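Q: Let the hints inform the model, and build the full structure from the sequences given.
Note that the protein sequences, when read in sequence, are chains B and D.
All residue numbers for the first sequence refer to the working numbering, where the first residue is 1 and numbers rise by one.
All residue numbers for the second sequence refer to the working numbering, where the first residue is 1001 and numbers rise by one.
Treat the hints with caution; some may be incorrect.
What the hints assert, rightly or not - Here are the computed lysine-lysine pairs in the DSBU-like style, where the Cα-Cα straight-line distance is at most 30 angstroms:
{"#": "1", "chain 1": "D", "residue 1": "K1068", "chain 2": "D", "residue 2": "K1003"}
{"#": "2", "chain 1": "D", "residue 1": "K1003", "chain 2": "D", "residue 2": "K1185"}
{"#": "3", "chain 1": "D", "residue 1": "K1004", "chain 2": "D", "residue 2": "K1056"}
{"#": "4", "chain 1": "B", "residue 1": "K251", "chain 2": "D", "residue 2": "K1010"}
{"#": "5", "chain 1": "D", "residue 1": "K1230", "chain 2": "D", "residue 2": "K1054"}
{"#": "6", "chain 1": "D", "residue 1": "K1010", "chain 2": "B", "residue 2": "K281"}
Said to hold, decoys possible - Take a look, some chain D residues computed to stay more than 10 angstroms from chain B by CB distance:
{"#": "7", "residue": "E1057"}
{"#": "8", "residue": "K1185"}
{"#": "9", "residue": "R1259"}
{"#": "10", "residue": "E1274"}
{"#": "11", "residue": "T1286"}
What the hints assert, rightly or not - Examples of chain B residues lying across from chain D (beta carbon under 10 angstroms, computed):
{"#": "12", "residue": "E9"}
{"#": "13", "residue": "Y52"}
{"#": "14", "residue": "R85"}
{"#": "15", "residue": "G86"}
{"#": "16", "residue": "R96"}
{"#": "17", "residue": "E103"}
{"#": "18", "residue": "S246"}
{"#": "19", "residue": "G247"}
{"#": "20", "residue": "N270"}
{"#": "21", "residue": "S298"}
{"#": "22", "residue": "G300"}
{"#": "23", "residue": "L302"}
For the record, the hints were derived by calculation from the structure and aren't laboratory data.
From a predicted model like this one, the values you see are computed outputs, not experimental measurements.
Glycine is no exception: its CB is placed at the ideal position from the N, C-alpha and C atoms.
As a plain string of letters, each chain reads:
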Amino acid sequence: MIETVVQVELPVDETLRIRRMRLQPEDGGNGRRISVVTGIHGDELEGQYVCYKLSDYIQKNMGCLRGTVDIYPALNPFGIDSITRGIPAFDLDMNRIFPGSAEGDMNEYLAAQIVRGVAGSDLVLDIHASNIFLTEVPQIRINELHADRLLPWAKEANVDFIWIHGASTVLESTFAHSLNTADTPTLVVEMGVGMRITQSYGDQLFAGIVHLMKRLGVWDGEDFDVRTPVVSADNDDVCFLNASASGIFLKSVNHGASLRAGDLIGRIVNPLTGEVIDEIKSPADGWLFTIREYPVVSEGSLLGRILYGKKDSV
Amino acid sequence: MEKKILFEIKALYRDDFRVTGYSFGQGERAACVVGSMRGNENQQLYCCSQLVRKLKELEAEGRIHSGKEILVVPCVNPYSMNIKKRFWSIDNTDINRMFPGYDEGETTQRIAGGLFEAIKDYRYGLQFASFYMPGRFVPHIRVMKTGFEDVELAREFGFPYVLLHTPRPFDTATLNYNWQIWETKAFSVYTTTTEEIDRSSARQAVESVLNFLRKADVIDYDGFEGYVSKVVSTEDMVTVRNRSAGFFEGKAEAGEHVRKGQVLACIADCYEGEVIDEIRSPIDGTLLFAHAEPRVYQNTAVYKIIPEREEW
Ligand SMILES: [Zn+2]
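A: Right, here's the structure in full:
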């Protein structure tokens, strides 16, 4: 059943609606609920395929459903519709306005009603796709404050990597942080790249979600085997590669590559002069879980991330 | 006066990115004034240009106290200004959400870091700031509550109001907040506008900054004394919101004193022209902020009112 979670009237003959698909047995089910959410960032589309696939799969096997699956494919419909990362007209990152406020402006109100709709789920997956600049292996990112509660779930999600990162005040206004603080466990998935859909990653995460549904008692159908992720809880074992100069980045390896110290990751070139400005080499043995996809870089632009010591890719 | 480059990034096809500062006087790092950080902050840039002009005159007249240095940074983000984009050209990040910065991080973290390194040791830090909501303000000084704030000093600007603001999560990455954490007495100066230049408000702001610098014993100046500032907490302000979306017709302006029940604005249907919502003041007070765009979304904060109080 398609439900409107929140709606507001716009000035010129349009209603903004944020909708979800609620799938549950006819008798309402066992009260357990998983929510799959995506599209906070309008330029991240990897979650679109996952939502489609999950909805299609469950609707073809309704007899196996025991609890509730809520699918929210577009938390930022304006953004998705206009290839805009944030909320157009407000130039605002939607993932910095949670938990919102029922008395606040339009966006704060939307945020508050979304939280109201999702809160109380037994598990929430918030699917992101990095951004247009970087490609990521399927991974879950966990704020260290919530690691104890989230890690056991994250390990069952069929991702390649779990990154437990330090707490940051600025991140307190994200969707996931707001829900985790309000006792609704929420996993942030990052995979693929902005503005594109990597179906193999979508298939992988889909299998993980079905497996989680099974674990939660929401699902009584077929299960999928999940892979064992690499877990990084130590911020010192992740190396950030930033551009030393402005130019055009040409990558030499793909994300997911196993690297030896000194391996070439890519070059920054100057098409005007025909020069190679810099060659980016791996500082140590490791696993390249992020790589720059967007070629134009300025000094400082992120080119990749390496997990040290992880030579064999999963 | 000495014009100097505070931070620089070499570019591929554009001119190199530069943050330029104007230094007046020599000696102790007394005061730093920062102007526009976003591409639409014309008023903030204009205020700095007028301040630079004034300080040149004062320096020529020998009126900057010996042993004191003032640094003015008119623009932190010329790249965005020149292409009329509000945030950073490539990734749309906001430099004023990147402080204290990081010299090995992303581009805007490096810009924030490079700037902060150059300006963090000043005793006083002043920023011509802008607000994200479209509209006009009563000129005021905003001070963030960090434990290091100095409200009495904020009154020395002689602005009508000093607003005390409790930081929200994203405020912790702003210049003002980090200045205070590094023990610079920091003040955000809000004039009436952002994109549009209000010359008389800019003049008042520049006078206020010079007035402040005189009180802080940095310059000799015979300017105006200004107002006796009222100190208000942002929590005490009353926000007025419209119920319906439509054309916005304001009937009251920032700075105006309003009575409870007075009509502040009307909202009209965008197709049929009928007035569908009348916004009335819930209290007696002064309008600190008034919305100024042709159309409004539902529930927009169209006015912010400073309540009237006996003790004032
Ligand atoms: Zn995202």
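Q: Was E1274 (chain D) rightly flagged as not at the interface, with every chain B Cβ beyond 10 angstroms?
A: Consistent with the label, E1274 (chain D) stays out of reach of chain B, its closest Cβ about 14 angstroms off (over 10 angstroms).
Q: Given S298 (chain B) as an interface hint, is its Cβ closer than 10 angstroms to any Cβ of chain D?
A: 5 angstroms, holds
Q: Sort out whether K1003 (chain D) lies within 30 angstroms of K1068 (chain D), counting only the CA atoms.
A: Between K1068 (chain D) and K1003 (chain D) the Cα gap is close to 17 angstroms, so the pair holds against 30 angstroms.
Q: Does the alpha-carbon distance linking K1010 (chain D) and K281 (chain B) stay inside the 30 angstroms limit?
A: Since the Cα atoms of K1010 (chain D) and K281 (chain B) sit roughly 21 angstroms apart, the hinted pair holds (cutoff 30 angstroms).
Q: With 10 angstroms as the cut and Cβ atoms as the points, is G86 (chain B) at the interface with chain D?
A: Holds, because the Cβ-Cβ distance from G86 (chain B) to chain D comes to roughly 7 angstroms (cut-off 10 angstroms).
Q: Decide if the proposed pair is consistent with the structure: K251 (chain B) and K1010 (chain D), CA atoms, cutoff 30 angstroms inclusive.
A: Holds: K251 (chain B) and K1010 (chain D) sit about 21 angstroms apart, inside 30 angstroms.
Q: Taking the least C-beta to C-beta distance, is S246 (chain B) closer than 10 angstroms to chain D?
A: Holds - the Cβ of S246 (chain B) comes within 10 angstroms of chain D, reaching about 5 angstroms at its closest.
Q: According to the definition I'm using, a residue is off the interface if its beta carbon is farther than 10 angstroms from all beta carbons of the partner; does K1185 (chain D) meet that for chain B?
A: With a cut-off of 10 angstroms, K1185 (chain D) remains clear of chain B, as the shortest Cβ separation is near 22 angstroms.
Q: Mind checking the CB of R96 (chain B) against every CB in chain D and telling me if the closest is under 10 angstroms?
A: Holds - the Cβ of R96 (chain B) comes within 10 angstroms of chain D, reaching about 6 angstroms at its closest.
Q: Would you check whether N270 (chain B) satisfies its interface hint, that is, whether its CB is within less than 10 angstroms of any CB in chain D?
A: Status holds, d = 7 angstroms.
Q: Against chain D, with CB atoms and a cut of 10 angstroms, does the hint on R85 (chain B) hold up?
A: 7 angstroms, holds
Q: If you draw a straight line from the CA of K1004 (chain D) to the CA of K1056 (chain D), is it 30 angstroms or shorter?
A: 15 angstroms, holds
In the structure shown, a violation is registered for the earlier hint numbered 13 alone.
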